[in-house]
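8 protein chains.
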Amino acid sequence: MTLKVYLSGEIHTDWRDQIIAGSKGLDVSFSGPVTDHAASDDCGVKILGAEDQKYWHDHKGAMVNAILTRKGLNDADVVVVRFGDQYKQWNAAFDAGYAAALGKSLIILHGPDHQHALKEVDAAALAVASEPSQVVDILRYVLDGTLPA
Amino acid sequence: MTLKVYLSGEIHTDWRDQIIAGSKGLDVSFSGPVTDHAASDDCGVKILGAEDQKYWHDHKGAMVNAILTRKGLNDADVVVVRFGDQYKQWNAAFDAGYAAALGKSLIILHGPDHQHALKEVDAAALAVASEPSQVVDILRYVLDGTLPA
Amino acid sequence: MTLKVYLSGEIHTDWRDQIIAGSKGLDVSFSGPVTDHAASDDCGVKILGAEDQKYWHDHKGAMVNAILTRKGLNDADVVVVRFGDQYKQWNAAFDAGYAAALGKSLIILHGPDHQHALKEVDAAALAVASEPSQVVDILRYVLDGTLPA
Amino acid sequence: MTLKVYLSGEIHTDWRDQIIAGSKGLDVSFSGPVTDHAASDDCGVKILGAEDQKYWHDHKGAMVNAILTRKGLNDADVVVVRFGDQYKQWNAAFDAGYAAALGKSLIILHGPDHQHALKEVDAAALAVASEPSQVVDILRYVLDGTLPA
Amino acid sequence: MTLKVYLSGEIHTDWRDQIIAGSKGLDVSFSGPVTDHAASDDCGVKILGAEDQKYWHDHKGAMVNAILTRKGLNDADVVVVRFGDQYKQWNAAFDAGYAAALGKSLIILHGPDHQHALKEVDAAALAVASEPSQVVDILRYVLDGTLPA
Amino acid sequence: MTLKVYLSGEIHTDWRDQIIAGSKGLDVSFSGPVTDHAASDDCGVKILGAEDQKYWHDHKGAMVNAILTRKGLNDADVVVVRFGDQYKQWNAAFDAGYAAALGKSLIILHGPDHQHALKEVDAAALAVASEPSQVVDILRYVLDGTLPA
Amino acid sequence: MTLKVYLSGEIHTDWRDQIIAGSKGLDVSFSGPVTDHAASDDCGVKILGAEDQKYWHDHKGAMVNAILTRKGLNDADVVVVRFGDQYKQWNAAFDAGYAAALGKSLIILHGPDHQHALKEVDAAALAVASEPSQVVDILRYVLDGTLPA
Amino acid sequence: MTLKVYLSGEIHTDWRDQIIAGSKGLDVSFSGPVTDHAASDDCGVKILGAEDQKYWHDHKGAMVNAILTRKGLNDADVVVVRFGDQYKQWNAAFDAGYAAALGKSLIILHGPDHQHALKEVDAAALAVASEPSQVVDILRYVLDGTLPA
Numbered sequence: 281m282t283l284k285v286y287l288s289g290e291i292h293t294d295w296r297d298q299i300i301a302g303s304k305g306l307d308v309s310f311s312g313p314v315t316d317h318a319a320s321d322d323c324g325v326k327i328l329g330a331e332d333q334k335y336w337h338d339h340k341g342a343m344v345n346a347i348l349t350r351k352g353l354n355d356a357d358v359v360v361v362r363f364g365d366q367y368k369q370w371n372a373a374f375d376a377g378y379a380a381a382l383g384k385s386l387i388i389l390h391g392p393d394h395q396h397a398l399k400e401v402d403a404a405a406l407a408v409a410s411e412p413s414q415v416v417d418i419l420r421y422v423l424d425g426t427l428p429a
Numbered sequence: 281m282t283l284k285v286y287l288s289g290e291i292h293t294d295w296r297d298q299i300i301a302g303s304k305g306l307d308v309s310f311s312g313p314v315t316d317h318a319a320s321d322d323c324g325v326k327i328l329g330a331e332d333q334k335y336w337h338d339h340k341g342a343m344v345n346a347i348l349t350r351k352g353l354n355d356a357d358v359v360v361v362r363f364g365d366q367y368k369q370w371n372a373a374f375d376a377g378y379a380a381a382l383g384k385s386l387i388i389l390h391g392p393d394h395q396h397a398l399k400e401v402d403a404a405a406l407a408v409a410s411e412p413s414q415v416v417d418i419l420r421y422v423l424d425g426t427l428p429a
Numbered sequence: 281m282t283l284k285v286y287l288s289g290e291i292h293t294d295w296r297d298q299i300i301a302g303s304k305g306l307d308v309s310f311s312g313p314v315t316d317h318a319a320s321d322d323c324g325v326k327i328l329g330a331e332d333q334k335y336w337h338d339h340k341g342a343m344v345n346a347i348l349t350r351k352g353l354n355d356a357d358v359v360v361v362r363f364g365d366q367y368k369q370w371n372a373a374f375d376a377g378y379a380a381a382l383g384k385s386l387i388i389l390h391g392p393d394h395q396h397a398l399k400e401v402d403a404a405a406l407a408v409a410s411e412p413s414q415v416v417d418i419l420r421y422v423l424d425g426t427l428p429a
Numbered sequence: 281m282t283l284k285v286y287l288s289g290e291i292h293t294d295w296r297d298q299i300i301a302g303s304k305g306l307d308v309s310f311s312g313p314v315t316d317h318a319a320s321d322d323c324g325v326k327i328l329g330a331e332d333q334k335y336w337h338d339h340k341g342a343m344v345n346a347i348l349t350r351k352g353l354n355d356a357d358v359v360v361v362r363f364g365d366q367y368k369q370w371n372a373a374f375d376a377g378y379a380a381a382l383g384k385s386l387i388i389l390h391g392p393d394h395q396h397a398l399k400e401v402d403a404a405a406l407a408v409a410s411e412p413s414q415v416v417d418i419l420r421y422v423l424d425g426t427l428p429a
Numbered sequence: 281m282t283l284k285v286y287l288s289g290e291i292h293t294d295w296r297d298q299i300i301a302g303s304k305g306l307d308v309s310f311s312g313p314v315t316d317h318a319a320s321d322d323c324g325v326k327i328l329g330a331e332d333q334k335y336w337h338d339h340k341g342a343m344v345n346a347i348l349t350r351k352g353l354n355d356a357d358v359v360v361v362r363f364g365d366q367y368k369q370w371n372a373a374f375d376a377g378y379a380a381a382l383g384k385s386l387i388i389l390h391g392p393d394h395q396h397a398l399k400e401v402d403a404a405a406l407a408v409a410s411e412p413s414q415v416v417d418i419l420r421y422v423l424d425g426t427l428p429a
Numbered sequence: 281m282t283l284k285v286y287l288s289g290e291i292h293t294d295w296r297d298q299i300i301a302g303s304k305g306l307d308v309s310f311s312g313p314v315t316d317h318a319a320s321d322d323c324g325v326k327i328l329g330a331e332d333q334k335y336w337h338d339h340k341g342a343m344v345n346a347i348l349t350r351k352g353l354n355d356a357d358v359v360v361v362r363f364g365d366q367y368k369q370w371n372a373a374f375d376a377g378y379a380a381a382l383g384k385s386l387i388i389l390h391g392p393d394h395q396h397a398l399k400e401v402d403a404a405a406l407a408v409a410s411e412p413s414q415v416v417d418i419l420r421y422v423l424d425g426t427l428p429a
Numbered sequence: 281m282t283l284k285v286y287l288s289g290e291i292h293t294d295w296r297d298q299i300i301a302g303s304k305g306l307d308v309s310f311s312g313p314v315t316d317h318a319a320s321d322d323c324g325v326k327i328l329g330a331e332d333q334k335y336w337h338d339h340k341g342a343m344v345n346a347i348l349t350r351k352g353l354n355d356a357d358v359v360v361v362r363f364g365d366q367y368k369q370w371n372a373a374f375d376a377g378y379a380a381a382l383g384k385s386l387i388i389l390h391g392p393d394h395q396h397a398l399k400e401v402d403a404a405a406l407a408v409a410s411e412p413s414q415v416v417d418i419l420r421y422v423l424d425g426t427l428p429a
Numbered sequence: 281m282t283l284k285v286y287l288s289g290e291i292h293t294d295w296r297d298q299i300i301a302g303s304k305g306l307d308v309s310f311s312g313p314v315t316d317h318a319a320s321d322d323c324g325v326k327i328l329g330a331e332d333q334k335y336w337h338d339h340k341g342a343m344v345n346a347i348l349t350r351k352g353l354n355d356a357d358v359v360v361v362r363f364g365d366q367y368k369q370w371n372a373a374f375d376a377g378y379a380a381a382l383g384k385s386l387i388i389l390h391g392p393d394h395q396h397a398l399k400e401v402d403a404a405a406l407a408v409a410s411e412p413s414q415v416v417d418i419l420r421y422v423l424d425g426t427l428p429a
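Chains as they are written, first to last, in the working numbering: chain A, 281 to 429; chain B, 281 to 429; chain C, 281 to 429; chain D, 281 to 429; chain E, 281 to 429; chain F, 281 to 429; chain G, 281 to 429; chain H, 281 to 429.
Each hint can be trusted.
Here chain B is said to cover these stretches of chain F; the calculated rule only asks that three of the stretch's residues, wherever they fall, bring their Cβ under 8 Å from a Cβ of chain B:
1. 310-316
2. 322-334
3. 340-347
If you want the footprint, here are the derived chain G segments under chain E, 3+ residues with CB under 8 Å:
4. 374-382
5. 387-400
Please keep in mind that the hints were generated in silico from the structure rather than gathered at the bench.
Glycine residues also receive a C-beta, built at the ideal position from the N, C-alpha and C atoms.
Please work from the sequences and hints to get the whole structure.
Below is the structure:
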């Protein structure tokens with residue numbers, strides 16, 4: 281059994297790398313968005329032509345990125361959504377809602393400060409973790425049945 | 281043709297009242313979350329029993345509120361999601377993602393400051409408005425075929 | 281907004297009557313199984329002909345009852361499942377699983393003794409109550425936004 | 281043609297091993313829950329942190345286990361649900377209902393004593409067996425077209 | 281609760297009239313195909329223009345009739361399929377398969393002679409009756425909870 | 281039984297009026313797009329603000345119109361798509377594809393000149409008519425079982 | 281691209297062998313029911329225990345066979361249904377209806393005598409063939425784009 | 281991650297070859313319709329027998345081609361639809377609508393002349409390109425995260 285896991289949300293810390301490294305040896309297939317911030321912002325205009333208005337510049341990029349996001353969310357068994365300390369991160373919450381409506385198993389990853397603000401998102405999750413290593417522990421338990429010592 | 285419209289998001293300004301008042305005479309059926317902030321936060325423990333931990337206090341409330349939110353989103357033809365100036369509003373973005381995955385027609389309502397941060401949410405919408413009156417104009421056009429003078 | 285509520289599970293106490301009576305004045309449409317135990321057990325053979333084997337006797341009845349159960353579960357916005365003190369009540373847990381897979385909002389109603397044994401069922405619910413009056417409180421909150429004093 | 285079979289229910293006897301051993305040589309891919317009772321009960325708190333209340337202790341574990349159960353049920357062609365002699369086993373009946381709503385082919389496995397109490401569950405099944413070897417016989421027939429001598 | 285019942289199959293006896301008459305007073309909404317054999321055969325060419333080939337003559341009619349059949353099957357809670365003594369009646373079996381795939385509650389109505397030949401169709405049903413009055417008894421039980429004396 | 285019919289396609293002749301007038305007395309509920317060409321083209325910018333680029337001007341309008349189109353197509357039992365003599369009419373073919381994927385009953389209405397070019401669209405239809413009166417004849421047959429004299 | 285093809289219907293001639301042999305070299309994965317008539321009739325009682333009543337004997341077998349049929353129909357891209365000269369073959373028409381409701385591409389295979397009686401079934405098909413070699417020609421065209429000389 | 285891409289629309293220029301050649305080294309699996317115009321037009325009658333009427337000649341071909349088109353559209357993650365300079369191309373717009381209703385990620389490829397006429401189709405797309413190389417750039421970005429220099 282291969283578990284398909286989509287890693288959504290924050291792109292400014294190395295939480296994805298931690299989870300991927302920690303899951304070494306587990307039968308997991310990871311996917312996620314493009315994490316190069318500049319490329320992600322500009323992909324629309326770089327490929328499809330410049331826009332005068334910032335709104336349409338952003339729009340074109342968000343649409344191209346949606347090709348990847350939808351593929352990842354639609355194919356996933358488990359969607360992990362990480363909320364970091366900075367930024368609005370509405371795209372992360374949007375992905376969580378999208379995944380919830382598709383009936384995906386949601387794991388939300390965030391620090392204690394966001395607890396109240398994320399209560400509706402957490403309420404749709406099967407697990408709420410604060411550390412990437414906990415996500416690894418869940419994946420290991422689901423795939424191997426073993427718990428951390 | 282009755283249009284079922286769910287009004288999601290910000291609960292601290294009167295944007296819902298403006299839309300409902302402006303839509304007088306149109307065949308629209310509105311629904312939305314409980315907008316009494318205290319009741320919304322405490323409904324879980326008030327009904328189902330107190331919790332020592334703030335997390336579970338919040339969780340119980342978010343779950344009870346989800347009964348209403350899901351009913352509203354599932355039944356809606358159009359989901360309007362309002363992002364205000366304050367707070368994280370991750371529940372609003374979650375609702376938008378949930379509605380998008382269900383294929384609902386999304387209208388996002390926010391001021392120009394949020395444009396960049398909401399680009400992924402806006403990209404899933406059929407209309408992005410900045411004023412409640414524009415939402416009314418859309419509903420009138422959809423139902424009556426008439427445009428503002 | 282009419283809320284369609286299916287009342288599944290225990291048929292030997294008056295919990296359904298309590299909920300229906302308590303919900304007077306709310307815009308709720310209730311449905312549920314046939315609660316006449318003898319009729320429920322014998323409906324198959326009474327209508328479609330006797331069976332020599334107890335297994336097929338039971339089977340025919342369960343199938344006829346499924347016409348009603350499926351209609352109720354499929355149409356419901358909210359499914360309340362009551363576990364009483366007696367009997368195996370596997371049909372109640374089956375209904376809960378069926379409703380969960382359909383994405384219905386689940387309310388589970390049971391006493392504290394069943395807490396551990398029902399943990400997987402409770403984990404699929406948006407509310408876990410111990411008293412019928414709490415179900416009424418939830419319905420009132422969802423429909424009217426008011427909480428118990 | 282690989283047949284994906286999820287083995288749900290009782291975790292205290294070796295019925296899963298019997299079916300897997302008996303199916304040697306058949307193109308079947310089996311999955312199932314974690315069958316280490318202690319690990320299954322404690323996985324939530326072991327990974328995500330301790331809880332004071334037994335209810336939330338149980339809840340966290342049930343949620344983490346649901347990641348595995350949902351993956352198994354969603355992917356399966358055939359769901360076998362075993363009811364043993366002991367315990368309430370509401371999770372087994374819940375899985376059966378969940379699988380039924382997804383349109384999975386259900387095989388229910390139980391002794392004659394449970395016949396009446398399981399009639400609604402059996403009524404949703406394509407086969408009701410009393411011995412693990414009968415499940416193997418079904419899998420062999422479905423995959424190879426051969427019947428027991 | 282209104283039960284929507286589609287009456288599929290044989291059009292040469294008065295079984296539909298018997299069921300409709302017997303259900304007087306019950307909250308049932310019946311639908312069914314056009315039962316005028318000549319109109320049903322010729323509707324395509326009468327409306328859309330003559331065809332030289334019998335095959336296309338038949339085809340055009342079958343397509344126009346499918347507008348009604350699909351509407352009836354899609355909307356129904358319960359689909360009753362009657363197999364009479366004559367003709368191939370493949371359209372009846374087709375409707376049964378279509379309804380089964382949609383998860384509709386199936387009632388099959390046929391005499392004892394067809395038992396073996398209809399075993400796969402019966403196996404998808406929640407009730408197999410031999411008389412129209414039994415269908416009425418089922419509808420009454422489902423809607424009122426009362427059994428025949 | 282009310283039949284919900286969406287009338288898609290050409291907006292420059294009175295075919296909708298002919299069908300609606302001809303269906304007088306039948307239990308049909310019609311819907312369709314805004315047929316005021318100028319309003320339809322400009323609704324986006326009139327409501328949501330002007331655009332410098334013609335592409336985004338068009339885009340905003342198409343998106344607002346999609347709110348109405350989707351509602352009509354999603355709710356419809358029958359979708360009639362009319363191809364006239366002029367223009368590209370790709371939106372008509374798009375609606376036909378959209379409706380086909382949703383499993384709606386399609387009626388295509390066009391003159392003989394378009395026969396070859398519309399063969400893939402016609403192949404998805406249950407009826408291909410050349411005159412609005414034929415659509416009325418189909419609706420009457422489906423609802424009343426009567427054929428034109 | 282592998283095309284998954286389920287071969288439903290008649291089990292007394294070698295039409296399946298002809299299609300499989302003719303498709304040699306094409307990227308097709310075939311499946312189908314158990315074609316040993318005696319095994320197919322008796323699989324239920326042989327595995328799950330004898331029945332006194334012929335009806336339940338048949339029923340148990342039909343249910344076990346349904347495990348295979350559903351797997352084949354659910355997984356298929358194309359469903360070929362063959363109607364032979366003999367027997368009622370209601371299971372073939374049932375499979376056709378089931379496949380149609382799932383949106384599968386249907387090919388119906390029958391001789392000219394059955395044309396009128398199968399008109400509703402043919403109307404749901406993308407191709408109606410009279411010879412197994414035509415089915416092979418279709419599969420080759422779909423996979424390789426080549427037509428018979 | 282393999283991306284499944286269906287290339288729909290124009291068959292008279294080498295745009296498919298350009299995209300496939302440009303995507304060399306990317307993990308993409310391409311599919312598309314039969315692009316031999318004569319074969320595509322005549323496949324129905326060549327395989328299933330001649331027709332006197334041009335309409336049925338076309339119809340049989342369109343139906344056989346639909347087996348391939350549906351398989352391609354149903355399996356795809358991304359559907360690229362190319363509108364060329366000539367012909368009505370209603371089948372291209374039909375495919376776009378079909379794909380949109382299935383929630384596929386749509387890329388529309390056309391020159392500036394078609395901008396206004398395609399506005400409803402473009403409005404359903406995640407990207408609107410004018411050159412095949414832009415489609416390659418999108419696929420590379422989605423799969424590798426790299427943008428054109």
